[in-house]
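Student: Here is what each chain is made of, one letter per residue.
4 protein chains.
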Amino acid sequence: MTKKFALLIIDMINDFNFPNGEKLAAQTKKIVPSILALKTYCRSNDIPVIYVNDHYNLWKADIELLIDHVQNDISAPIIQQMKPERDDYFLIKPKHSGFYGTALNTLLHEFNTDAVIVTGVAGNICVFFTANDAYMREFDVYVPSDGTASESPNFNEYALNMMETVLKADVRPASQLISLLKEQE
Amino acid sequence: MTKKFALLIIDMINDFNFPNGEKLAAQTKKIVPSILALKTYCRSNDIPVIYVNDHYNLWKADIELLIDHVQNDISAPIIQQMKPERDDYFLIKPKHSGFYGTALNTLLHEFNTDAVIVTGVAGNICVFFTANDAYMREFDVYVPSDGTASESPNFNEYALNMMETVLKADVRPASQLISLLKEQE
Amino acid sequence: MTKKFALLIIDMINDFNFPNGEKLAAQTKKIVPSILALKTYCRSNDIPVIYVNDHYNLWKADIELLIDHVQNDISAPIIQQMKPERDDYFLIKPKHSGFYGTALNTLLHEFNTDAVIVTGVAGNICVFFTANDAYMREFDVYVPSDGTASESPNFNEYALNMMETVLKADVRPASQLISLLKEQE
Amino acid sequence: MTKKFALLIIDMINDFNFPNGEKLAAQTKKIVPSILALKTYCRSNDIPVIYVNDHYNLWKADIELLIDHVQNDISAPIIQQMKPERDDYFLIKPKHSGFYGTALNTLLHEFNTDAVIVTGVAGNICVFFTANDAYMREFDVYVPSDGTASESPNFNEYALNMMETVLKADVRPASQLISLLKEQE
Numbered sequence: 048m049t050k051k052f053a054l055l056i057i058d059m060i061n062d063f064n065f066p067n068g069e070k071l072a073a074q075t076k077k078i079v080p081s082i083l084a085l086k087t088y089c090r091s092n093d094i095p096v097i098y099v100n101d102h103y104n105l106w107k108a109d110i111e112l113l114i115d116h117v118q119n120d121i122s123a124p125i126i127q128q129m130k131p132e133r134d135d136y137f138l139i140k141p142k143h144s145g146f147y148g149t150a151l152n153t154l155l156h157e158f159n160t161d162a163v164i165v166t167g168v169a170g171n172i173c174v175f176f177t178a179n180d181a182y183m184r185e186f187d188v189y190v191p192s193d194g195t196a197s198e199s200p201n202f203n204e205y206a207l208n209m210m211e212t213v214l215k216a217d218v219r220p221a222s223q224l225i226s227l228l229k230e231q232e
Numbered sequence: 048m049t050k051k052f053a054l055l056i057i058d059m060i061n062d063f064n065f066p067n068g069e070k071l072a073a074q075t076k077k078i079v080p081s082i083l084a085l086k087t088y089c090r091s092n093d094i095p096v097i098y099v100n101d102h103y104n105l106w107k108a109d110i111e112l113l114i115d116h117v118q119n120d121i122s123a124p125i126i127q128q129m130k131p132e133r134d135d136y137f138l139i140k141p142k143h144s145g146f147y148g149t150a151l152n153t154l155l156h157e158f159n160t161d162a163v164i165v166t167g168v169a170g171n172i173c174v175f176f177t178a179n180d181a182y183m184r185e186f187d188v189y190v191p192s193d194g195t196a197s198e199s200p201n202f203n204e205y206a207l208n209m210m211e212t213v214l215k216a217d218v219r220p221a222s223q224l225i226s227l228l229k230e231q232e
Numbered sequence: 048m049t050k051k052f053a054l055l056i057i058d059m060i061n062d063f064n065f066p067n068g069e070k071l072a073a074q075t076k077k078i079v080p081s082i083l084a085l086k087t088y089c090r091s092n093d094i095p096v097i098y099v100n101d102h103y104n105l106w107k108a109d110i111e112l113l114i115d116h117v118q119n120d121i122s123a124p125i126i127q128q129m130k131p132e133r134d135d136y137f138l139i140k141p142k143h144s145g146f147y148g149t150a151l152n153t154l155l156h157e158f159n160t161d162a163v164i165v166t167g168v169a170g171n172i173c174v175f176f177t178a179n180d181a182y183m184r185e186f187d188v189y190v191p192s193d194g195t196a197s198e199s200p201n202f203n204e205y206a207l208n209m210m211e212t213v214l215k216a217d218v219r220p221a222s223q224l225i226s227l228l229k230e231q232e
Numbered sequence: 048m049t050k051k052f053a054l055l056i057i058d059m060i061n062d063f064n065f066p067n068g069e070k071l072a073a074q075t076k077k078i079v080p081s082i083l084a085l086k087t088y089c090r091s092n093d094i095p096v097i098y099v100n101d102h103y104n105l106w107k108a109d110i111e112l113l114i115d116h117v118q119n120d121i122s123a124p125i126i127q128q129m130k131p132e133r134d135d136y137f138l139i140k141p142k143h144s145g146f147y148g149t150a151l152n153t154l155l156h157e158f159n160t161d162a163v164i165v166t167g168v169a170g171n172i173c174v175f176f177t178a179n180d181a182y183m184r185e186f187d188v189y190v191p192s193d194g195t196a197s198e199s200p201n202f203n204e205y206a207l208n209m210m211e212t213v214l215k216a217d218v219r220p221a222s223q224l225i226s227l228l229k230e231q232e
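As given, the protein sequences belong to chains U, P, F and Z, one line each in that order.
Numbering-wise, the first sequence is residues 48 to 232 according to our numbering.
Numbering-wise, the second sequence is residues 48 to 232 according to our numbering.
Numbering-wise, the third sequence is residues 48 to 232 according to our numbering.
Numbering-wise, the fourth sequence is residues 48 to 232 according to our numbering.
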């Protein structure tokens with residue numbers, strides 16, 4: 048039986064306006080191509096693309112408003128590439144985990160999702176806690192090794208390692224994950 | 048110590064496009080003035096006004112889009128009066144209860160809310176389940192007797208009765224509730 | 048494909064020590080045979096039997112302790128018939144709904160449960176809120192019409208009606224539900 | 048105003064029967080005295096002591112049964128010192144976090160808890176995820192630096208570091224935390 052996937056993109060609409068935000072932005076730029084490759088594949092193969100993003104105290108899932116609010120010199124190059132299409136799903140989250148205080152679990156069940164691909168930032172915080180909440184809710188977890196970034200490569204490595212061992216996550220690179228998705232069609 | 052309130056307005060941005068929807072719309076018209084009176088009082092007294100509304104499969108808290116989608120001959124007169132101001136909070140809910148799969152609990156904690164005033168429709172379904180979830184989360188529950196409607200007055204009466212006895216809800220009419228709010232200032 | 052069921056028994060280990068408790072106990076006695084018939088069928092057909100019960104401020108899922116605590120002249124005849132076997136599941140719940148603050152959802156997923164049969168008391172309170180939470184979590188809901196009791200038959204009738212229409216619950220009597228379970232073997 | 052604390056003891060009733068379990072047990076022995084010092088202080092100062100523990104597929108919060116099940120040559124010395132008193136709270140958890148599928152949040156609210164002290168194992172898994180869930184639920188988080196253990200000291204150090212920076216946790220040693228608790232009496 049084919050496994051049903053969903054692609055989660057965490058906090059990529061980001062102002063990077065916090066301690067070490069510039070460092071994180073520098074790391075984040077490197078993962079944009081992998082996430083976009085995954086997104087392109089998913090969009091043309093009926094795999095839902097779900098942004099789950101901080102609300103920056105706007106408390107509204109109004110994408111234009113949010114982009115206005117978070118765009119700055121550091122974030123603009125990332126946001127311009129990463130911004131959602133009109134038909135991507137876009138949920139706001141009040142806390143670290145994409146599942147806490149959001150409709151994510153219900154939305155995933157609506158698609159009969161078996162497995163989530165978790166991408167975005169920060170790899171050792173919001174991605175990590177989202178992955179754990181996905182695991183606690185019995186989803187298979189995929190975290191492409193080049194699809195998440197943390198403020199230092201070491202932190203990201205450690206988080207990937209934890210997700211692989213503790214959450215049994217598949218952490219192959221995005222290109223190999225796309226091959227896997229193609230095989231199971 | 049002053050009790051901190053929040054006003055919840057449930058599913059008033061509604062298409063009434065379901066069995067007995069016209070009946071519910073007829074009952075709903077009658078409660079609009081009470082809800083508006085409460086809303087006016089709350090807005091001028093720093094009591095947060097929080098809409099929690101079905102997403103009609105749009106899965107987006109984009110108010111204009113949603114209003115476009117649900118407006119029709121039956122709903123338009125209600126929506127025109129009830130539509131949120133730019134600075135009201137507006138959350139979408141995926142299921143009956145306003146707490147399930149939403150940031151409502153977090154938002155209420157952000158305001159240090161002690162008590163919720165639950166208004167809207169249907170009194171015996173979404174209002175009822177929201178009130179129960181508020182009670183399970185230890186909020187004091189107020190349900191103005193003329194601030195909720197169900198498809199039949201009997202059903203609404205029964206639900207109010209249940210909320211009063213089981214959830215210890217205060218069910219006085221909106222005007223008396225406003226007096227109570229004034230007293231505690 | 049065969050649907051996987053689980054039988055929930057709500058608050059049948061009860062002290063009936065609250066307003067109208069005697070009335071509820073009188074109604075509860077009448078449903079014991081139906082619940083026992085369902086339980087017997089489920090136990091011999093690998094359908095999990097899960098008690099979900101108030102903790103009476105003991106906060107412990109220690110069955111003997113709990114039974115000691117709640118047994119009295121009114122409750123003893125019911126408890127003696129309804130008490131769990133050593134290998135039935137037994138969860139305590141802190142609030143009305145069997146899902147709130149409990150491992151019920153996880154346990155049901157462990158059995159790949161598609162549908163829950165909700166029985167017990169009170170039909171218009173804890174059974175009702177558990178059924179609604181099951182529905183919000185995408186389980187099919189079965190509530191045998193002679194398997195729940197409320198303090199008045201009217202209240203129980205109304206709750207069954209609500210569960211049938213709002214939660215799309217199947218409300219046939221226990222004997223017919225057992226026939227349905229047999230057919231799908 | 049005095050802050051209300053609760054002490055959480057995570058997974059100390061443990062069989063250590065998993066990859067690197069012996070390594071974790073060796074680290075765990077070292078933290079027993081700190082946890083016991085905290086527990087003694089809390090018990091004599093009306094600070095609730097709450098064990099939250101894996102259920103080892105027994106799905107029952109029956110302490111004797113659980114201890115029988117997990118006691119072995121490696122775990123016995125730890126369990127003998129760490130086992131709960133009759134009046135400590137004891138909750139089972141189905142997954143990593145002490146909040147997921149448990150009544151912990153409700154129990155903490157019952158005590159009007161402002162701050163949780165999280166102790167136990169593994170520092171970089173269940174303790175970490177419990178601390179994060181506490182933070183998402185707006186509790187102040189204290190994680191005594193000598194009150195949690197992971198399979199390697201590095202992992203534990205990293206987790207403490209993350210909790211301090213991301214969750215704003217206070218990570219002073221147990222003895223200094225006890226001094227702080229004394230001061231605020």
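Because the hints were derived from the structure by calculation, they are not lab data.
Don't be surprised by glycine CBs; every beta carbon is placed ideally from N, CA and C.
Careful, some of the hints might be misleading.
Claimed, not checked - Cβ pair distances, simulated, as ranges:
(1) 49/F to 232/U: 55 to 61 Å
(2) 87/F to 124/Z: 41 to 47 Å
(3) 159/U to 220/P: 20 to 26 Å
(4) 157/Z to 161/F: 42 to 48 Å
(5) 111/U to 90/F: 35 to 41 Å
(6) 105/F to 116/Z: 45 to 51 Å
(7) 223/F to 104/P: 43 to 49 Å
(8) 201/Z to 232/P: 32 to 38 Å
(9) 92/Z to 215/U: 15 to 21 Å
(10) 199/F to 92/P: 39 to 45 Å
Said to hold, decoys possible - Straight-line Cα separation of at most 25 Å, DMTMM-like style, residue types lysine to aspartate or glutamate; simulated pairs:
(11) 229/U to 157/U
(12) 215/F to 161/P
(13) 50/P to 134/Z
(14) 142/Z to 193/F
(15) 142/Z to 157/U
(16) 50/Z to 185/P
(17) 107/F to 193/Z
(18) 142/P to 115/U
(19) 70/U to 93/U
(20) 142/U to 232/P
(21) 107/U to 132/P
(22) 142/F to 193/Z
(23) 142/F to 134/Z
Student: For each hint, tell me whether it holds in the structure or not.
Tutor: Hint check:
The supplied range of 55 to 61 Å is broken by residue 49/F and residue 232/U, whose beta-carbon atoms lie about 28 Å from each other. Here the CB-CB span from residue 87/F to residue 124/Z is close to 45 Å, well matched to the stated 41 to 47 Å. Separation of residue 159/U from residue 220/P is about 46 Å and departs from the stated range, judged on CB atoms against 20 to 26 Å. Look at residue 157/Z against residue 161/F: about 34 Å separates their beta carbons, and that is not inside 42 to 48 Å.
Judged by the Cβ atoms, the range 35 to 41 Å given for residue 111/U and residue 90/F is violated: they are separated by roughly 58 Å. Taking the beta carbon of each, residue 105/F and residue 116/Z are about 22 Å apart, not inside 45 to 51 Å as hinted. The given range of 43 to 49 Å is broken by residue 223/F and residue 104/P, whose C-beta atoms sit roughly 35 Å from each other. At about 56 Å, the CB distance of residue 201/Z to residue 232/P disagrees with the hint of 32 to 38 Å.
Residue 92/Z and residue 215/U have their C-beta atoms about 41 Å apart, which leaves the hinted 15 to 21 Å range violated. Separated by about 41 Å at the C-beta atoms, residue 199/F and residue 92/P satisfy the suggested range of 39 to 45 Å. For a cut-off of 25 Å, the pair hint linking residue 229/U to residue 157/U stands: about 23 Å separates their Cα positions. Between the alpha carbons of residue 215/F and residue 161/P the distance comes to roughly 34 Å, so the proposed pair goes past 25 Å and is violated.
A distance of roughly 34 Å separates the Cα atoms of residue 50/P and residue 134/Z; the hinted pair therefore is violated under the 25 Å criterion. Restraint check for residue 142/Z and residue 193/F: the C-alpha separation of about 36 Å exceeds 25 Å, so the hint is violated. This hinted pair checks out: residue 142/Z and residue 157/U have alpha carbons roughly 23 Å apart, not beyond 25 Å. The hinted pair formed by residue 50/Z and residue 185/P meets the criterion: a straight-line CA distance of about 19 Å does not exceed 25 Å.
At most 25 Å may separate the alpha-carbon atoms for a hinted pair to count; residue 107/F and residue 193/Z exceed this at roughly 29 Å. Distance check on the hinted pair: residue 142/P and residue 115/U sit about 30 Å apart at the alpha-carbon level, beyond 25 Å; violated. A threshold of 25 Å between alpha carbons decides the hint, and for residue 70/U with residue 93/U the separation of about 34 Å lies outside it, so the pair is violated. For the suggested pair residue 142/U and residue 232/P, the alpha carbons sit about 32 Å apart, so the restraint of at most 25 Å is broken.
Distance check on the hinted pair: residue 107/U and residue 132/P sit about 13 Å apart at the alpha-carbon level, within 25 Å; holds. Simply put, residue 142/F and residue 193/Z have alpha-carbon atoms about 36 Å apart, too far for the 25 Å limit, and the pair is violated. The straight-line distance between the Cα atoms of residue 142/F and residue 134/Z is roughly 21 Å, inside the 25 Å bound, and the hint therefore holds.
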